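There are 2 protein chains.
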Amino acid sequence: MSIEREIGKRLGNLRESLESEGIDAILLSNPNNIRYLTGKETGRVLISRESSVIWVRELYLELYSFSPEFDVRADEEDAVRHYIKDSNIKKLAVENLLVSLYERRKEELGIELVPTNTVERLRAVKSDYELELLRNSASIAKKGMEKAYEIIKDGTNELDAVADIEYVIRKAGSETPPFMDGMLLASGPDGADIHARARMKKVMATDLVVVDLGARVDGYYSDMTRTIPVGEPNPLAADILEFIENLQAEAIDRIHPGVRAGDIHDFVSKEIENRGYKFYHSTGHGIGLDVHELPNIGPKSEDALEPGMAFTIEPGIYIPGKFGVRFEDTLSMKKNKIETLTG
Amino acid sequence: MSIEREIGKRLGNLRESLESEGIDAILLSNPNNIRYLTGKETGRVLISRESSVIWVRELYLELYSFSPEFDVRADEEDAVRHYIKDSNIKKLAVENLLVSLYERRKEELGIELVPTNTVERLRAVKSDYELELLRNSASIAKKGMEKAYEIIKDGTNELDAVADIEYVIRKAGSETPPFMDGMLLASGPDGADIHARARMKKVMATDLVVVDLGARVDGYYSDMTRTIPVGEPNPLAADILEFIENLQAEAIDRIHPGVRAGDIHDFVSKEIENRGYKFYHSTGHGIGLDVHELPNIGPKSEDALEPGMAFTIEPGIYIPGKFGVRFEDTLSMKKNKIETLTG
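Listed in order, the protein sequences are those of chains A and B.
Going by our numbering, the letters in the first sequence line up with residues 1 to 343, in that order.
Going by our numbering, the letters in the second sequence line up with residues 1 to 343, in that order.
Just to be clear, a hint being listed does not mean it is correct.
Said to hold, decoys possible - Across the chosen pairs, the derived CB separations fall in these ranges:
hint	chain 1	residue 1	chain 2	residue 2	range
1	B	E112	A	S2	19 to 29 Å
2	B	G258	A	R49	27 to 37 Å
3	A	S100	B	T206	17 to 27 Å
4	A	T206	B	E232	35 to 45 Å
5	A	E107	B	G155	46 to 56 Å
6	B	S20	A	S2	51 to 61 Å
7	B	P257	A	H195	31 to 41 Å
8	A	P235	B	E150	43 to 53 Å
9	B	D78	A	R104	24 to 34 Å
10	A	N117	B	K300	28 to 38 Å
11	B	S29	A	K322	39 to 49 Å
12	B	G258	A	S2	29 to 39 Å
13	B	R5	A	P31	15 to 25 Å
Hints listed in this document are in silico derivations from the structure and should not be mistaken for laboratory results.
Being a predicted model, the structure only gives us computed values, none of them experimental.
Cβ atoms here follow ideal geometry from the backbone N, Cα and C, with glycine treated the same way.
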């Protein structure tokens, strides 16, 4: 399917959502929501039940061509306000903006604003076109991970390893480095710190090394984690490695169309607690144009996992002073089948 | 100066600000604001006139040691609410949060919230300790740019170049890749698109190549842009290259303690307009723990540029279908003197 037809379909789905929520129109400013609906990452976009308008800076009027469904206009002061007034829009949805921007919009537009995550919810369900991009992205992440297994040895400097692995990921065609702050690589006791970043420090023979990386292709992220033992792991480490790998597989086994994401998280969390540890983060997250998007697979999440969704499952145990263990894959659900994109 | 003494000074400055704004306390959740005030990037932090409390997840109680100024507690549900109630805090400042989080906090805490950018304003003025980190960060960025000049030739693939340059930046000790989406490298007509990213495409002998990169050291970013002609630039390109380089120098010459940032922007913008073009972005931005922070050096900015501030100056001209030209440096102001960190 071409991106043009994709966009047509997405706009149709959005209009259905707006109608069912009783909303007249939605004004978008989140670049990834705009990218999802227009194919570009700039401007302000208003989708009403009848029309799709994008206001862009003069430069982009010349540079970009938009899908014919869009009425493309110059982004001048008050342009959006005038349009909304003229089209008699009464109830306008906006994204989850920063308070300051939200207040400014409210004042500027002088109309009721309804914060909504409609576009984010639509984005959670991927088309075949999107799943193919996720697959391509995942295949680059896997190349990076192969490199990690190859170079992580007794004496490897963490930062050097990260430079080498990110190099492979970029050369393989990732359009950005893995994630905002780069990939994560934490050896030995640093692995117990979820926030730890690679530093000028040598990996040791007795270490477990947590490696969390991804790639980006045509906007779509992938995300995977492996915990790599440098030498023969000690009995506790070997035990926890096996436990977490198995737990990940069991959690994935429990996923079926319609399952409540919070239930998957509760299962993982309880298993880790039964083992005598605490689970310090969410079981997983949706993935696509953002590394973290809907569905939320964490405590109390009421999100249902549905066919077409792409998400990670990433149980972990972190033992201060000792090590951390996490395994993570990017998965997608197709009908009743789970595909492991990073497997 | 040690980071401990830095933190003590920062807390003192923050308390002065709170007092002058008539605010009882500030509740922080922005990781970079928390890092600025605690040295770590986790938890929720409340600074009142009398006390500094940080609530962290159990894992971090074990993992991290905080500055002795902090009362470190486990982040349990309602912990913050109870503390605020018990300490009789009536007027609580919060950061510029997402609307959803803001509403949740208001409901959860049941007290007046005042959005403020106090911490961001304090962060705009750097100490000698911070300026030294910025200098180290800039010196890594310069190494990346040297690599760019070395490898950009007729026939170089854009994505390969980016992989090579980011590799140099990482190897030199940058703790993250340059910026969230990696460095920017755009050749020929792509240079006219401010949003363009490197892609599988060969640089040509007649191209100008816009290269925008940086590094990060102990949290501090640097940011620099050069426009590199591959061969002999055509007369128009040569002209604009010279014009923008000179304009950047002239803009920097106009900076002195107390100058209104909006005036610097107006100067740059008018010069570009007099030349027959439009200026499509801001003249610059503060830089530190965020790539973009205060001061704002854009249209209508009332921010004053003051000694201790670190910021970029980056004029540019973008000609659709032809090329883009931008030069950018990270600068700092010390008394009356401007230091070019990336020069």
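Going through the hints against the structure:
1. B:E112 to A:S2: 19 to 29 Å: 52 Å, violated
2. B:G258 to A:R49: 27 to 37 Å: 52 Å Cβ-Cβ, so the 27 to 37 Å window is violated.
3. A:S100 to B:T206: 17 to 27 Å: 45 Å, violated
4. A:T206 to B:E232: 35 to 45 Å: Violated - the Cβ-Cβ distance for T206 (chain A) and E232 (chain B), about 58 Å, lies outside 35 to 45 Å.
5. A:E107 to B:G155: 46 to 56 Å: Taking Cβ atoms as reference, E107 (chain A) and G155 (chain B) lie about 53 Å apart, which means the hint holds.
6. B:S20 to A:S2: 51 to 61 Å: Because 58 Å falls inside the window, the suggested range holds.
7. B:P257 to A:H195: 31 to 41 Å: 38 Å, holds
8. A:P235 to B:E150: 43 to 53 Å: Roughly 50 Å apart at Cβ, these two residues keep to the hinted range, so it holds.
9. B:D78 to A:R104: 24 to 34 Å: Distance hint for D78 (chain B), R104 (chain A) holds at roughly 33 Å.
10. A:N117 to B:K300: 28 to 38 Å: 32 Å, holds
11. B:S29 to A:K322: 39 to 49 Å: 30 Å, violated
12. B:G258 to A:S2: 29 to 39 Å: 56 Å, violated
13. B:R5 to A:P31: 15 to 25 Å: 40 Å, violated
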